[in-house]
Amino acid sequence: GAVVSQHPSWVICKSGTSVKIECRSLDFQATTMFWYRQFPKQSLMLMATSNEGSKATYEQGVEKDKFLINHASLTLSTLTVTSAHPEDSSFYICSAATEETQYFGPGTRLLVL
Amino acid sequence: GDSVTQMEGPVTLSEEAFLTINCTYTATGYPSLFWYVQYPGEGLQLLLKATKADDKGSNKGFEATYRKETTSFHLEKGSVQVSDSAVYFCALSVVGAGGTSYGKLTFGQGTILTVHP
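Going down the list, the protein sequences come from chains Z and H. Here the working numbering is used: the first residue of the first sequence is 1, the next is one more, and so on. Here the working numbering is used: the first residue of the second sequence is 1001, the next is one more, and so on.
The set of hints was computed from the structure by calculation and includes no laboratory data. Since the structure is predicted, the reported quantities are computational estimates derived from the model, not experimental observations. One or more of the hints may lead you astray.
[To be verified] The calculated DSBU-like cross-link candidates involving lysine-lysine, where the alpha carbons are at most 30 Å apart (straight line), are:
hint, chain 1, residue 1, chain 2, residue 2
1, H, Lys1068, Z, Lys41
2, Z, Lys66, Z, Lys20
3, H, Lys1068, H, Lys1056
4, Z, Lys14, Z, Lys55
5, Z, Lys41, H, Lys1060
6, Z, Lys64, Z, Lys41
7, H, Lys1056, Z, Lys55
8, Z, Lys14, H, Lys1060
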């Protein structure tokens, strides 16, 4: 079946630093990937839609300059949290889309101290 | 806009009990409907889906029927197991061009299910 990986699985960083999260589709190509944020005991909130070779489309209220998304190839999308602050601590999940559904990565837990 | 409302949790059941998790939706288009499951420490996995009215999705003993008249997609299982303990998310995606349903997903708030032996 389709597998999506994320790296790192968890990261702790100091306030003000930047963190990059990678999302890879391991055995299929995905022209579209999605980035979600999940707060404890809450649903997934879509942050942005990442399209290979073009700029990402951000949802309302998501700061594009803070959450930089790059979709450099059909199997890789990256999310960079710039100048991270404690309120950015969360669980970040990516998914890669096929024509039938989305396949989700295992998530990356970010803790900003 | 599109939205999904799920039954409030958490839900606690004994093994072999009957499970129902309610899900209703509102959508501007003609959505496809999904149930995803998130086991502890893992990512979301597609459990089942239905793409048109009266379709029944099924997998691992779980079932859900796409009811357009009541805008519902309730999840059911006749006999739950301890291994079914997880968070269940109902979601919709409005059909994209060419009949594909890979558009962005709108999720419900999730329902935590705990099954005791």
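Right, here's what the structure says about each hint:
1. H:Lys1068 to Z:Lys41: holds, 29 Å
2. Z:Lys66 to Z:Lys20: holds, 12 Å
3. H:Lys1068 to H:Lys1056: Holds, because 12 Å separates the two Cα atoms, which is no more than 30 Å.
4. Z:Lys14 to Z:Lys55: Answer holds: Lys14 (chain Z) to Lys55 (chain Z) is near 28 Å, not above 30 Å.
5. Z:Lys41 to H:Lys1060: holds, 25 Å
6. Z:Lys64 to Z:Lys41: holds, 25 Å
7. H:Lys1056 to Z:Lys55: Violated, because 37 Å separates the two Cα atoms, which is more than 30 Å.
8. Z:Lys14 to H:Lys1060: violated, 43 Å
The structure shown violates the earlier hints numbered 7, 8.
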